[in-house]
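Residue-level listing of the chains:
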Amino acid sequence: MRGLCAVYRKELCDHFSSYRFIVLFALIAMVSFITSYMAGMHLRENLGGLSRTKFPFLMLFSTPGALFSMVQFVAFFGPLIGLVLGFDSINRERAHGTLIKLISQPIYRDAVINGKFLAAVATISIMLISIVLVISGFGLAIVGVVPGIDEIWRLLIYLVISIFYISFWLGVSMLFSIFFRNIATSALASVALWIFLSFFVSLGADVVANAVAPVGNQREIRPEILVKNARVKDMVSLCSPMVLYSNATATIIDPMRKTTRSITLMGPAEQILASRFQNPLRLGQSVIVVFPYMTALIALTLVCFAISYFVFMLQEIRT
Amino acid sequence: MIHVENLTKYYHDLCAVDTINLEIEKGEVLGLLGPNGAGKTTTLRMLTGFLRPSSGTIRVKDYTIEEDALKIKRLLGYLPESAPLYHEMLVYDYLVYIANIKGLEKTGNGKLSQIRNLADLCGLNEVMHKPIGELSKGYKQRVGLAHAMMNDPEILVLDEPTSGLDPNQIAEIRQIIRRIGKEKTIIISTHILSEAEAACDRIVIINRGKIVADDRTESLKQTASKEHFIHVSIRNADFQSARAQLEVIDGISKVECIQEDQDGMIDIRLTCNASFDLRGPVYQTVKKTDWALMELHQETRTLENIFRELTKEE
Numbered sequence: 031m032r033g034l035c036a037v038y039r040k041e042l043c044d045h046f047s048s049y050r051f052i053v054l055f056a057l058i059a060m061v062s063f064i065t066s067y068m069a070g071m072h073l074r075e076n077l078g079g080l081s082r083t084k085f086p087f088l089m090l091f092s093t094p095g096a097l098f099s100m101v102q103f104v105a106f107f108g109p110l111i112g113l114v115l116g117f118d119s120i121n122r123e124r125a126h127g128t129l130i131k132l133i134s135q136p137i138y139r140d141a142v143i144n145g146k147f148l149a150a151v152a153t154i155s156i157m158l159i160s161i162v163l164v165i166s167g168f169g170l171a172i173v174g175v176v177p178g179i180d181e182i183w184r185l186l187i188y189l190v191i192s193i194f195y196i197s198f199w200l201g202v203s204m205l206f207s208i209f210f211r212n213i214a215t216s217a218l219a220s221v222a223l224w225i226f227l228s229f230f231v232s233l234g235a236d237v238v239a240n241a242v243a244p245v246g247n248q249r250e251i252r253p254e255i256l257v258k259n260a261r262v263k264d265m266v267s268l269c270s271p272m273v274l275y276s277n278a279t280a281t282i283i284d285p286m287r288k289t290t291r292s293i294t295l296m297g298p299a300e301q302i303l304a305s306r307f308q309n310p311l312r313l314g315q316s317v318i319v320v321f322p323y324m325t326a327l328i329a330l331t332l333v334c335f336a337i338s339y340f341v342f343m344l345q346e347i348r349t
Numbered sequence: 008m009i010h011v012e013n014l015t016k017y018y019h020d021l022c023a024v025d026t027i028n029l030e031i032e033k034g035e036v037l038g039l040l041g042p043n044g045a046g047k048t049t050t051l052r053m054l055t056g057f058l059r060p061s062s063g064t065i066r067v068k069d070y071t072i073e074e075d076a077l078k079i080k081r082l083l084g085y086l087p088e089s090a091p092l093y094h095e096m097l098v099y100d101y102l103v104y105i106a107n108i109k110g111l112e113k114t115g116n117g118k119l120s121q122i123r124n125l126a127d128l129c130g131l132n133e134v135m136h137k138p139i140g141e142l143s144k145g146y147k148q149r150v151g152l153a154h155a156m157m158n159d160p161e162i163l164v165l166d167e168p169t170s171g172l173d174p175n176q177i178a179e180i181r182q183i184i185r186r187i188g189k190e191k192t193i194i195i196s197t198h199i200l201s202e203a204e205a206a207c208d209r210i211v212i213i214n215r216g217k218i219v220a221d222d223r224t225e226s227l228k229q230t231a232s233k234e235h236f237i238h239v240s241i242r243n244a245d246f247q248s249a250r251a252q253l254e255v256i257d258g259i260s261k262v263e264c265i266q267e268d269q270d271g272m273i274d275i276r277l278t279c280n281a282s283f284d285l286r287g288p289v290y291q292t293v294k295k296t297d298w299a300l301m302e303l304h305q306e307t308r309t310l311e312n313i314f315r316e317l318t319k320e321e
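Residue numbers (this note's numbering), protein chains in the order written: chain B, 31 to 349; chain H, 8 to 321.
The hints are simulated quantities; they were obtained by calculation from the structure and are not laboratory data. Any given hint could be a false lead.
[What the hints assert, rightly or not] Simulated pairs of lysine to aspartate or glutamate, EDC-like, Cα-Cα distance not exceeding 20 Å:
id, chain 1, residue 1, chain 2, residue 2
1, H, Lys191, H, Glu302
2, H, Lys78, B, Asp44
3, H, Lys189, H, Glu161
4, H, Lys189, H, Asp208
5, H, Lys78, H, Asp100
6, H, Lys137, B, Asp140
[Unchecked claim] Under 8 Å between C-beta atoms, here's a sample of chain H residues computed to sit facing chain B:
id, residue
7, Tyr17
8, Leu29
9, Thr55
10, Pro91
11, Gly110
12, Asn124
13, Phe246
14, Ala249
All C-beta atoms, glycine included, are put in the ideal place defined by N, C-alpha and C.
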């Protein structure tokens with residue numbers, strides 16, 4: 031525990047004093063501000079005449095400003111924070127020879143990787159919480175609506191999911207920093223995997239869905255085929271942590287959404303019911319809807335770190 | 008204090024350390040000598056507990072490396088080769104970090120007083136608030152030494168502590184080591200013979216993973232000083248006849264052919280008793296023949312000769 035605390039404190043201090051972290055933090059904070067400002071202005075204009083708007087505060091995070099909402103921004107570029115914090119965590123120490131020195135100290139070997147991971151997770155948490163808090167304060171001033179308890183809980187859950195999401199990418203980059211001795215190689219591999227999983231999986235999902243349930247050139251498409259196509263697409267898309275994260279936060283940050291599916295097959299009775307009940311989902315129900323995605327994301331993060339942990343523990347460190 | 012038995016380490020198929028047996032007493036300063044790639048660093052890394060031996064046992068006091076690696080690490084202070092440090096940290100912050108890792112108490116005779124003592128001992132007072140990256144190699148080595156001694160260990164393991172330093176820095180580091188050596192068991196790995204000769208009570212020479220010599224420094228020096236070498240270069244002779252003529256000279260114990268050129272030149276080394284000067288009898292012997300004497304000189308046998316003999320490539 032002593033070694034873990036010492037490594038954790040040193041790593042935390044290193045993160046906060048490193049230029050790359052400050053630059054990335056400034057960039058993300060700036061984009062978040064701009065997005066929230068645009069969303070805030072948009073909300074003020076559109077909700078001005080309405081008497082009882084549902085969850086206006088959460089809209090600050092989920093309404094797209096000029097290009098995208100803050101939630102979308104975290105989904106796209108949040109992984110970069112994780113990658114930046116972890117891509118050289120082990121191989122830099124190895125390259126400088128300090129890993130040998132660290133491991134020869136009277137501490138358990140896992141204190142090194144645990145300390146580094148926890149410090150990076152703490153950095154991610156502090157970064158996200160501070161951005162959400164500042165945006166909230168900013169939003170209060172622009173929109174002029176105080177968030178309710180339900181909204182605060184939703185934001186907290188959203189923060190936890192986001193921390194796990196970014197920590198997954200942190201775990202990936204740490205794993206590469208253990209596998210690859212060269213810092214540039216691990217950085218490149220991390221970015222390549224991020225690009226592939228975030229941007230190309232959806233293209234692959236289209237191809238697979240059209241192969242399994244083709245909907246392209248037919249004049250009259252049967253609804254069952256259309257639904258099957260959408261389901262296959264959704265299933266394959268879940269290979270992407272970004273889709274998993276978007277689904278995990280979908281009903282949390284937007285209570286008006288009742289499902290994470292892009293297309294659903296409804297009978298006439300269900301259509302009448304859906305049109306009658308326009309109220310938002312309660313927090314518990316929202317959590318139930320996204321629970322599988324949340325647990326999958328958390329499990330993915332833990333599995334990724336566990337692999338890094340075992341590889342590091344079993345590796346023979348010579349340099 | 009340290010008991011090493013049949014220690015072996017394989018890196019895949021390569022045997023880096025081959026069945027080493029070693030006994031190190033408390034308060035001894037042991038020099039581990041050997042050419043590059045001999046297995047010195049691997050041996051030290053196994054002793055310090057972070058490289059697992061392929062076979063064999065290491066016992067420090069009553070602890071074994073397999074079961075009590077952490078306890079052994081607490082007894083040891085290790086300075087790896089070229090003292091790897093965090094260059095962006097201040098010296099003081101680095102020492103505090105190491106004190107935290109080693110679990111020194113914050114109050115009383117704990118962390119701060121130990122850092123102060125080490126700063127005095129290693130001469131770090133004037134650079135305590137400078138980034139490590141801005142220090143000279145000598146100062147970096149001092150920081151490394153302070154690191155190794157942070158928990159006041161009973162055993163210090165120093166891997167090539169003067170490598171890459173200038174003569175003044177080497178002298179300073181040796182002075183610090185001598186000061187520490189009065190109280191602690193020290194193992195120094197080096198390939199600089201003068202360093203081992205100056206600082207160590209005992210010298211162990213390793214070559215290709217095996218111990219090829221293990222003796223007190225004084226006895227090795229005495230062994231060396233008992234014999235001289237005479238180098239003779241002659242032309243118009245073959246080695247067999249030259250040997251027949253030269254080995255009969257009283258006091259010569261060994262005749263070796265060092266080099267034989269195609270143009271008939273032979274370089275011969277004669278090992279002889281140091282109590283006689285045999286250059287005269289050798290000259291007289293050559294004079295009686297029709298060989299052309301091209302060179303004749305005497306060389307005092309040193310530790311370096313012993314080292315080179317024991318570690319030369321076959």
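Structure-based check of all given hints:
no.: 1; hint: H/Lys191 with H/Glu302; result: violated, 49 Å
no.: 2; hint: H/Lys78 with B/Asp44; result: violated, 29 Å
no.: 3; hint: H/Lys189 with H/Glu161; result: holds, 11 Å
no.: 4; hint: H/Lys189 with H/Asp208; result: holds, 11 Å
no.: 5; hint: H/Lys78 with H/Asp100; result: violated, 26 Å
no.: 6; hint: H/Lys137 with B/Asp140; result: violated, 31 Å
no.: 7; hint: Tyr17; result: violated, 11 Å
no.: 8; hint: Leu29; result: violated, 19 Å
no.: 9; hint: Thr55; result: holds, 5 Å
no.: 10; hint: Pro91; result: holds, 3 Å
no.: 11; hint: Gly110; result: holds, 5 Å
no.: 12; hint: Asn124; result: violated, 19 Å
no.: 13; hint: Phe246; result: violated, 45 Å
no.: 14; hint: Ala249; result: violated, 49 Å
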